[in-house]
Amino acid sequence: MYVSDIRKIIASYFPDNVSKNILHLCDKDLDAINEIRIRAEKPIMFITSRGDFYITPQGLKTYDYSDCLKIQSNELLQVLGLICNNSIYAHMDTLKNGFITLAGGHRVGITGKAVIEDNKIKNIKDISSINIRIAREIKGVANCIIKYVIKNKTDVYNTLIVSPPGYGKTTLLRDMLRILSDGCESLEFKGMKIAIIDERSEIASLTKGIPQNDIGIRSDVLDCYSKKDGIMLALRTMSPQIIATDEIGNIGDYEALQEVVNCGVRILTTAHGVDIEDIKKRRSTRNILQENIFERFILLGKNNQIGKIKDILDGNKLKSILSEGYKNVV
Amino acid sequence: MLFKVIGSSLIAISSYLMGQKWAGVLKKRVEDIREFEQVLEQLENEISFYSNILEDAFLKISKNTTPRIRCILEDMSFNLKDKPSNKAWDAAIKNNYKNTYLSGEDLKIILSLSNLLGISDTDGQIYNIKNIITRLKHQESKAEEVRCKNEVLFKNLSVLLGITIIILLL
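Residue numbers (my numbering), protein chains in the order written: chain A, 4 to 333; chain F, 3 to 172.
The hints are simulated quantities; they were obtained by calculation from the structure and are not laboratory data.
Here a beta-carbon is modelled for each residue, glycine too, at the ideal position from N, C-alpha and C.
Treat the hints with care, as some may be off.
[Stated by the list, open to error] Taking lysine to aspartate or glutamate pairs in the EDC-like style, the calculated list, with each CA pair at most 16 Å apart, reads: (1) A:Lys211 with F:Glu48; (2) A:Lys99 with A:Asp67; (3) A:Lys128 with A:Glu140; (4) A:Lys128 with F:Asp77; (5) A:Lys322 with A:Glu262; (6) F:Lys85 with A:Asp19; (7) A:Lys45 with A:Asp30; (8) A:Lys99 with A:Glu120; (9) A:Lys99 with F:Asp123; (10) F:Lys85 with A:Glu78; (11) F:Lys139 with F:Glu37; (12) A:Lys142 with A:Asp158; (13) A:Lys23 with F:Asp84; (14) A:Lys11 with A:Asp34; (15) A:Lys125 with F:Asp58; (16) F:Lys65 with F:Asp77; (17) A:Lys211 with F:Glu57; (18) A:Lys99 with F:Asp125; (19) F:Lys132 with F:Glu76; (20) F:Lys144 with F:Asp58; (21) A:Lys211 with F:Glu76; (22) F:Lys65 with F:Asp84; (23) F:Lys89 with A:Glu120; (24) F:Lys89 with A:Asp19; (25) A:Lys31 with A:Asp8; (26) F:Lys83 with A:Asp19; (27) A:Lys73 with A:Glu44; (28) A:Lys125 with F:Asp123; (29) A:Lys11 with F:Glu76.
[Said to hold, decoys possible] Listed next, the stretches of chain A that the computed footprint assigns to chain F, with coverage defined by at least 3 CB atoms under 8 Å from CB atoms of chain F: (30) 78-86; (31) 90-103.
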């Protein structure tokens, strides 16, 4: 399934002369790709958990970047145009923030020269690199840890998932939301109404109003809303029992989370960091710890491995609640 | 005698219809220009109000247009799936302009839409579209003027031509 997704991305968003070479790669190599990085006049780089590789102009996999397929500046612009569906104006808001989300939730990071007006970024010009991060929906990835998040048959703990970028926070959050929304028979959990504030369209990947990822039957998606606006709107209009967002990180987010907790609504979210010490150091997330908003912390990145649970902490005592047996398994 | 009457009638009718057709071309050119203006106004709305991508916007607009213009817009929407916007627009126009009554000058203006289509922010798109609309309005008034001047002329000339042929043949 992922291979066909990656093939589709490459065929749809790369110029023909480049895509035909990349598509020579075998399914195994394509399946391993986590990121595709393209930089003007530089080799096209494929990032996998086992290391980076390149392709030769003949479409063969290589680890030697001296003789590999490079992308030209004009081709980079062509990629940007295709990524924006030939409609850059429709993506200006996110483009200014350096990213675009593709159908399927794949996030594209874009760098170049900022065009400033009134001390604000108005646009990006002279595009220098594009990074396509392949999103993966892995159903069942949260099965083992969901019991640590569910409080009782009708309630859950406020939970924060912490890991460095690219370690599977969003994938885990998405699967947790699916389980919490549908309900979990084995734990006699009935399922709760969830409002997902999907600021970057990565959790549900809404396309024409239809979620492309399974987020459960009781989930409502507020797509492309800022966290603050989305949370307020959801609280006022959708009577959620859980609010979920991705990547909290600024002061505004903290205020919005406080509002959620004060309303008696549960919160599930993620933050960048290696461990709790990291969260404590950051001004924006330090307050969240001091206020004891979260009752569970899920730390990812055991042995620097993507998607591996490092620990689950109780929010009050900041002590591990992960059973020894479970620790050995994961 | 009967043969002459039937032959003359046929010449008279066909020359009249020819005149009607020539006059119709002038009228339909005005209609096509006017319809393109409406298409662009709707496109402006799709971009500024809904922020819809071009592929969806053209498909949506095509549903409210006459078959002559609809095929261009549907082609455009299809082409956008795998072509940059300028190439998609050029191909859509070149494949379908024969179905329309637009003149070479009108087509040149419509083709110039592709220069900036989809590759700037909303303000840039609106500016570009408004500019094309203004130029098309100018073409419309010119086409309307030509129509007023020549429509009756073509109709009368064709009838007169038919009568002349009949007289010569008789």
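Numbers of unmet hints, in rising order: Of the numbered hints given earlier, those the structure breaks are 2, 3, 4, 5, 7, 12, 15, 19, 20, 21, 22, 23 and 29, listed in rising order.
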